[in-house]
Every structure is written in C-alpha cells, then in structure tokens.
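**Q** All chains should be built: construct the whole structure from the sequences, respecting the hints.
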Amino acid sequence: NMAARDEGKSAILAKWPRLWDGRETLMACGSCPGGGGRAYASPPAMQALGSNQRILQPREGYVILQYNGPSVSTRTYKGKATGTQYRFGNTPIHRTKYVYGQDVPPLLELMDGGRPLFEIITPSALPDQDNRPEEPQLVAAGAPVRADVPVREVTSGVLAQPVLDPPLPAAPESATSGEAPSSLREYSLQELRTYSKDWSRDKVEFYLAHEEGKDEPRATAVTLLKGRLNAKS
123 NMAARDEGKS
133 AILAKWPRLW
143 DGRETLMACG
153 SCPGGGGRAY
163 ASPPAMQALG
173 SNQRILQPRE
183 GYVILQYNGP
193 SVSTRTYKGK
203 ATGTQYRFGN
213 TPIHRTKYVY
223 GQDVPPLLEL
233 MDGGRPLFEI
243 ITPSALPDQD
253 NRPEEPQLVA
263 AGAPVRADVP
273 VREVTSGVLA
283 QPVLDPPLPA
293 APESATSGEA
303 PSSLREYSLQ
313 ELRTYSKDWS
323 RDKVEFYLAH
333 EEGKDEPRAT
343 AVTLLKGRLN
353 AKS
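Taking the working numbering, the leading residue of the sequence shown gets 123, the next gets one more, and so forth.
It is possible that some hints are incorrect.
What the hints assert, rightly or not - Beta-carbon label-pair distances, calculated as ranges:
id	residue 1	residue 2	range
1	I134	E308	34 to 44 Å
2	I134	G236	40 to 50 Å
3	Y317	A133	45 to 55 Å
4	L230	S355	23 to 33 Å
5	A133	I243	29 to 39 Å
Unchecked claim - Straight line, CA to CA, 30 Å or less: simulated DSBU-like cross-link-like pairs of lysine-lysine:
id	residue 1	residue 2
6	K319	K336
7	K202	K336
8	K202	K325
9	K348	K336
10	K354	K325
11	K319	K354
12	K348	K319
13	K336	K354
14	K348	K325
Worth flagging that the hints you see were computed from the coordinates, not collected in a lab. Quick caveat: nothing in here was measured; it's all calculated off a predicted structure. Glycine is no exception: its CB is placed at the ideal position from the N, C-alpha and C atoms.
**A** This is the structure:
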C-alpha cells in the first residue's frame, strides 16, 4: 500500500542520502544501456599508494584523501565544487588519491556506520633524516696511519638521489562541472605507442584514467595503456 511505500522510501533515503543527492554514484554494469563507466569523468590526478607503499608528495591545489570504507570494488564520488569524479575503493591502487582542495569538505562529511568514509593524509615531504645515505669521506694518499685515529676507506659508490614524481597538471583556480584541466596534452595513438613505453607507472595510470573518462574513449588507446600498466606491475 502507499503508506508502506512511503515508509520504505523514507528509510532508504535516510540510510543512503549520499546516493540520493549525487555525492556518490554507482557504476552501471556492462549489460546496462550505454555500458558501465561511460558516465565516469576522470579525476585530474589519478595517483594511489601502490603495494610498495609509495608516499604521495604534496601538490599545490590538491589534497591527498584516503578512503576508509569497506568497499573493495571501486565507487565513484563526485566533487560538489568542480564536478570532478573520483574513483575510490579499499584496494592499494584506489585507496589514496589526489583530490581538488575545493572538493574535499563535502567528501569528509560522508559517513558509513558512524565512521567517516574519508580522511586527509599529510605525508612528510622529505625523507627521514636518519635513513639518508652517509656521505663518504676521502683520505689523502700517503696519510700516516695512527692507531688512535680511525681511518675510513674511500668509497666510489654513487649517493642515492630521491626519485621525484612526474609533474601533474596544475589545479584550476575555479572549475565548473565537467571542466578538465586545460594544460593536459592529448596524444594520438601513434604518439601513445611511441612515448608511453618510457612513461612511469604513475603517468600511465593518469592517462589511462583520462582516456577512460572521455565521452568516447578510444578502445585502442585504453588497451595499449592497460598493457603498459600490466608490464610495469
């Protein structure tokens, strides 16, 4: 009856308000009209903590957000301010991402069972001082050897240098719904085949997410980038 219908509707809206007001969207399956994933717009910076626990470095205009929900499958969350969609899931690749700063406050309000779905991660920008490589000291040729003064051997090893993440497109000062960063370069299929061989895993992930988020993604480009990603696993 209508009373039971209204009562059930109220219970559903109370339990999943974030789905009703558009803050979270569920991906359609492949058998649904239009196919699954065509509504997904790629985030500006698709970065995540890998299985080797890489630390994402702070980026101007972005906030590093970590998903703490129980869902292993990826879910799409839409930023209220910019309209950007972000994929999160409880997996190493999708647990931690860059998010536009103006999209963060509404995402921090999302709860699951009384617990926040997201939290801000603030990593240290510099490596631990205690773990830095020790600089070798040189000893002059022919220096006298004294029992009370220890002499360190000359080493020819190359000092370890920090590996920096590839640059990301700058966050826009003000973005509207569906607007993509204007500084992102578009590659032709031939260019992708040539250049992507030397890309880092982060850059391949970024351009794969960008390609999949297009209204009409290029199947050949998606297959090529997925192959590059698998080769770097």
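**Q** For each hint, tell me whether it holds in the structure or not.
**A** Verification of the hints:
no. : hint                      : in the structure
1   : I134 <-> E308: 34 to 44 Å : 42 Å, holds
2   : I134 <-> G236: 40 to 50 Å : 18 Å, violated
3   : Y317 <-> A133: 45 to 55 Å : 53 Å, holds
4   : L230 <-> S355: 23 to 33 Å : 32 Å, holds
5   : A133 <-> I243: 29 to 39 Å : 34 Å, holds
6   : K319 <-> K336             : 22 Å, holds
7   : K202 <-> K336             : 20 Å, holds
8   : K202 <-> K325             : 26 Å, holds
9   : K348 <-> K336             : 16 Å, holds
10  : K354 <-> K325             : 11 Å, holds
11  : K319 <-> K354             : 10 Å, holds
12  : K348 <-> K319             : 12 Å, holds
13  : K336 <-> K354             : 24 Å, holds
14  : K348 <-> K325             : 12 Å, holds
Hint 2 from the list above is the single one not met by this structure.
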